[in-house]
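J.: In order, the protein sequence lines correspond to chains X and V.
Residue numbers for the first sequence follow this note's numbering, so the first one is 1 and each next one is one higher.
Residue numbers for the second sequence follow this note's numbering, so the first one is 295 and each next one is one higher.
Worth flagging that the hints you see were computed from the coordinates, not collected in a lab.
Incorrect hints may appear among the rest.
[As the list claims (entries may be wrong)] Simulated coverage check for chain V against chain X, where a stretch passes if three residues somewhere in it have a Cβ under 8 Å from a Cβ of chain X:
#1 342 to 353
#2 409 to 415
#3 451 to 459
[Said to hold, decoys possible] Computed spacing ranges between beta-carbons, pair by pair:
#4 V:A371 / X:A173: 35 to 43 Å
#5 V:H501 / X:A173: 56 to 64 Å
#6 X:A173 / V:T426: 47 to 55 Å
#7 V:Q540 / X:L7: 49 to 57 Å
#8 X:L282 / V:G373: 25 to 33 Å
#9 X:A19 / V:H501: 46 to 54 Å
#10 X:N119 / V:E418: 42 to 50 Å
#11 X:V124 / V:D365: 51 to 59 Å
#12 X:V116 / V:A371: 51 to 59 Å
[What the hints assert, rightly or not] Residues of chain V clear of chain X, computed beta-carbon distances all greater than 12 Å:
#13 K313
#14 D375
#15 E422
#16 D469
#17 K537
For each residue, glycine too, the CB sits at the ideal point set by N, CA and C.
Okay, here's what each chain looks like letter by letter:
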Amino acid sequence: MTDQVILARMEQRLAKRHAAERRFRLLGLGAIVLSMAFLVLLLFIMLKNGIGGLDWKFLTGSDSTDPANAGIWGAFKGSLWTMLVTLALSFPLGVLAAVYLEEFAPRNRWIDMVEVSINNLAAVPSIIFGLLGLAVFINTLHLPRSSPLVGGLTLALMTMPVIVIASRNAIKAVPPSIRDAALAIGASPVQTVVQHVVPLALPGILTGTIIGMARALGETAPLLMIGMRAFVATPPDGITAPSSVLPMQIFLWSDEIDAGFVQNTSAAIIVLLVFLLAMNGLAIYLRNRFEVKW
Amino acid sequence: MSSHPKLTARNVDVYYGPKQAIDDVSIEVDSGIVTAFIGPSGCGKSTFLRCFNRMNDTIPVARVTGTIELDGQDIYASGMDVVQLRARVGMVFQKPNPFPKSIFENIAYGPRIHGLSQNKAELEEIVERSLTRAGLWEEVKDRLSDAGTVLSGGQQQRLCIARAIAVSPEVILMDEPCSALDPIATARIEELIDELRENYAIVIVTHSMQQAARVSQRTAFFHLGAMVEYGETDEIFTNPREKRTQDYITGRYG
């Protein structure tokens, strides 16, 4: 083979390789455009239908049989209370479970089973959690029906495995050399984990937590089971007061026959999306705030 | 060798699961000198080093048998507090591993958890003294609040040495402390080891035979999990007793 032949063959192949490169990039771009298009479409339709209903009265009012008087404040407050209960329960439990599994648990069949169970738990349909909440919190423990307390407890069961999985991954990503450094200077295993590993894993833990919380915020099915679909005309003033939540309000209004509720439904969706965006924004802020530069 | 060795290992075996990594090694290590462990990769020298501060405890499948004594006290005895042992036997790792915290915090962490200082002034004094002894004070004294991780590799390794010194250990174990460093930083660390040796028992694992010859007074040669030869560094490098040692130091295998 002469040098010319080698060069010619390479050039021929090079053209193909460039073409393949371009095709792949176009494909990726297409995927992004397609998914963004649906998001934009959704936002556009909601804004078009709902923006007219987004006034002060809507934002500060509570549910009503009259669409002109119905507002979102009661459901918003209900979501806030519910999220508070969910966070207060699932965050400490989830992080503690993750830390124990990752750093302290012995490697044996029991722990393997616990791990598999937690992974499965994250994939259990949410309606099942609703049934569990109904059976345990309402029928057995007699906690107040359709309250943010029971809603929050039920959603915490659902959110905890998500937090455990995210936290374990974040903890796993902390370089072993940091554990070595702390242990070799005479830090106890608990000091090593609490003072070095968890702070470094915190951005990942927080991101996972907020993703889990955002999912819980949009959840409707389990709350149906525990009676949060009741008509509630007064905003809840605590975690035991009867209450609705944002997605449930959307669900209820979308079922109404009165045309006035169409606008309310869209307006409520806008409020829910803004709430979600604010939570994701918080996640990004917290991640950057605790990110350690190496 | 001496009547009161700092560290004594007798008939030590180390297993990783069913695999034996160290086979019946006995050695005495003295204070005031540098002892080097040399040998080809995988010969078990790092594994053996990690027995002296029980860092092998962190590997679930690792099992150590035999006895290892620090000043005549069995460090694998049930009454031994590992946390305290590691304050007395410090360690410097292959890759510099400063905490992603400030330079000050890197040094202050050990004294703080062991309760060595009563107040802030004492803590600051420990930090300054440790950094000075590690030859880093002049370079960092104006930026103690900067992150330890922004220092150069050689500076980071000296920071790690200062961190180990800060809890006043009696022994410093060094696991290939220069293998991630350039020749200039390596020379700086070697000088430092030589300066530190009179106050500590220093054990250094190294891949570089030149480094062992430069910094150590005694050398142990390991091969396939066994200690082949142990003696004065000059002797090992000029007149080894074992043919395997001779082959290794003249570069015939490794």
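J.: Could you run down the list of hints and mark each one as holding or not?
T.: Okay, the hints, checked on the actual structure:
1. Requiring three or more residues with a Cβ within less than 8 Å of a Cβ of chain X, the coverage given for the segment 342 to 353 of chain V holds, as 3 such residues are present.
2. With a threshold of 8 Å between beta carbons, the proposed coverage of the segment 409 to 415 of chain V by chain X is violated, since 0 of its residues qualify and at least three are required.
3. With 3 residues bearing a CB less than 8 Å from a CB of chain X, the segment 451 to 459 of chain V meets the requirement of three and the coverage assertion stands.
4. Between A371 (chain V) and A173 (chain X) the beta carbons are some 36 Å apart, a value that agrees with the proposed interval 35 to 43 Å.
5. The hinted range of 56 to 64 Å is not satisfied by H501 (chain V) and A173 (chain X), whose Cβ atoms lie roughly 29 Å apart.
6. Taking 47 to 55 Å as the suggested C-beta distance range, the pair A173 (chain X) and T426 (chain V) does not conform, at roughly 36 Å.
7. Range check, Q540 (chain V) to L7 (chain X): Cβ separation about 53 Å, and the 49 to 57 Å hint holds.
8. The hinted window of 25 to 33 Å between L282 (chain X) and G373 (chain V) is violated, with their beta carbons roughly 50 Å apart.
9. Here the CB-CB span from A19 (chain X) to H501 (chain V) is close to 48 Å, well matched to the stated 46 to 54 Å.
10. At roughly 49 Å, the beta carbons of N119 (chain X) and E418 (chain V) sit within the given window of 42 to 50 Å.
11. For V124 (chain X) and D365 (chain V), the hinted distance range of 51 to 59 Å is satisfied, since their beta carbons lie about 57 Å from each other.
12. The hinted window of 51 to 59 Å between V116 (chain X) and A371 (chain V) is violated, with their beta carbons roughly 39 Å apart.
13. Taking the minimum C-beta to C-beta distance to chain X, about 17 Å, the non-interface status of K313 (chain V) holds against the 12 Å cut.
14. With a least beta-carbon separation of about 9 Å from chain X, D375 (chain V) fails to lie farther than 12 Å from that chain, contradicting its non-interface assignment.
15. Every C-beta of chain X lies more than 12 Å from that of E422 (chain V), the closest at about 18 Å, which supports listing it as non-interface.
16. With a closest Cβ-Cβ approach of about 10 Å to chain X, D469 (chain V) is found to fall inside the 12 Å limit, against its non-interface label.
17. Residue-level check passed: K537 (chain V) sits 37 Å from the nearest beta carbon of chain X, beyond 12 Å.
Of the numbered hints listed earlier, those contradicted by the structure are 2, 5, 6, 8, 12, 14 and 16.
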